[in-house]
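Asker: With the hints as constraints, model all of the structure from the sequences given.
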Amino acid sequence: MNLCVVVPCYNEFNRLPEEKFIQFVQANSDIQVLFVNDGSKDQTIDKLKALSKSSSLLNYLDLERNQGKAEAVRQGLNHAIKKLSVDVVAYWDADLATPLESILLFKQQLLVSPHLKIVIGSRIKRLGSHIYRKKIRHYLGRVFATVASIVLKVGVYDTQCGAKMFRVTKELSASLEKPFLTKWVFDVELFARLLTYMDVEEFEGMTYEYPLPSWKDVGESKVKFYDFITSIRDMVVIYFNYASSFKSKRVIADVTKSES
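Numbering-wise (the working numbering), the sequence shown opens with residue 33 and increments by one.
Just to be clear, a hint being listed does not mean it is correct.
Said to hold, decoys possible - SDA-like mimics (lysine to any residue), calculated; alpha carbons at most 20 Å apart, straight line:
(1) LYS115 with SER88
(2) LYS215 with SER263
(3) LYS202 with ASP119
(4) LYS157 with VAL250
(5) LYS79 with TYR92
(6) LYS114 with SER205
(7) LYS210 with ASP94
Claimed, not checked - For each label pair, taking beta carbons as the anchor points, the in silico distance ranges come out as:
(8) ASP94 with SER117: 19 to 27 Å
(9) LYS115 with ARG169: 32 to 40 Å
(10) ASN110 with HIS162: 32 to 40 Å
(11) LYS114 with SER88: 14 to 22 Å
(12) ASP94 with GLN55: 21 to 29 Å
(13) THR201 with ASP62: 16 to 24 Å
(14) GLN55 with ASP78: 18 to 26 Å
(15) GLU50 with ASP119: 20 to 28 Å
(16) LEU136 with ASN43: 23 to 31 Å
(17) LYS115 with GLU51: 25 to 33 Å
(18) ARG265 with HIS162: 30 to 38 Å
Think of the hints as simulated: they come from the structure by calculation, not from any bench. As the structure is a prediction and not an experimental result, all values here were calculated from the model. Even for Gly, the Cβ is constructed at its ideal location relative to N, Cα and C.
Answerer: Written as structure tokens, this is what we have:
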């Protein structure tokens, strides 16, 4: 299984834990990391160039102007699929709120479950786990996840964790062809696009929410209520642009079942 992990970077010069990435690829020679510099204003690109010289498994894509995380991830995934000829792609937050070791857990889940096409991190706080999340983020996240489940008509606990892995399929490639319409909830929009190619039952059957063993809020970013409202607005955009396709697929699926 050839795997490439896309890591979007914006002004990460003083924050990127480069040694952890170097150690990770040294221990896992079948995994590549593609950093995407999203028009950083600091010296992030210099750090990425230095990283790429340290290992052939560490590469970078340089976007000259800032286009946002959604577009950085989309272009990174497209580059990995088209230029690196990999079987599996993932995207991971640069701050490593989800440790790199979880990449191996996701990969193993795909290996032992051939029917799975998607593995997504789920920040479920449970006994034995180490999930450290600010309370306000948790509660707003639960509200948002409920809205996302209603819009997608898919029972999903956590759509916004920045750790996701996908087998490369024609449906995934098609879903990445055009820039996302939304800025804050592109994860949900990507799922919405995939759902235009299949019914809900098929999507749920090929997707696995992996309960993360550890996750920690990193940095000093504050939750802004405006950002939450923007996210809900983006959900409305997703609903009106994709929901009709969900319904048609679901009707076809229901008719097929009733006739069999």
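Asker: Give a verdict on every hint.
Answerer: Consistency of the hints with the structure:
1. LYS115 with SER88: It holds: about 14 Å lies between the C-alpha atoms, which stays within 20 Å.
2. LYS215 with SER263: 8 Å, holds
3. LYS202 with ASP119: 12 Å, holds
4. LYS157 with VAL250: Satisfied, since the Cα-Cα distance of roughly 17 Å is no more than 20 Å.
5. LYS79 with TYR92: 10 Å, holds
6. LYS114 with SER205: Holds. LYS114 to SER205 sits at ~9 Å (cutoff 20 Å).
7. LYS210 with ASP94: 19 Å, holds
8. ASP94 with SER117: 19 to 27 Å: 21 Å, holds
9. LYS115 with ARG169: 32 to 40 Å: Since the Cβ atoms of LYS115 and ARG169 sit about 35 Å apart, the hinted range of 32 to 40 Å holds.
10. ASN110 with HIS162: 32 to 40 Å: 34 Å, holds
11. LYS114 with SER88: 14 to 22 Å: The hinted range 14 to 22 Å holds for LYS114 and SER88, with Cβ atoms some 19 Å apart.
12. ASP94 with GLN55: 21 to 29 Å: 24 Å, holds
13. THR201 with ASP62: 16 to 24 Å: 20 Å, holds
14. GLN55 with ASP78: 18 to 26 Å: 21 Å, holds
15. GLU50 with ASP119: 20 to 28 Å: 26 Å, holds
16. LEU136 with ASN43: 23 to 31 Å: 28 Å, holds
17. LYS115 with GLU51: 25 to 33 Å: Given about 26 Å between the Cβ atoms, the range holds.
18. ARG265 with HIS162: 30 to 38 Å: Given range 30 to 38 Å: holds, Cβ gap about 33 Å.
Checked against the numbered hints given earlier, this structure breaks none of them.
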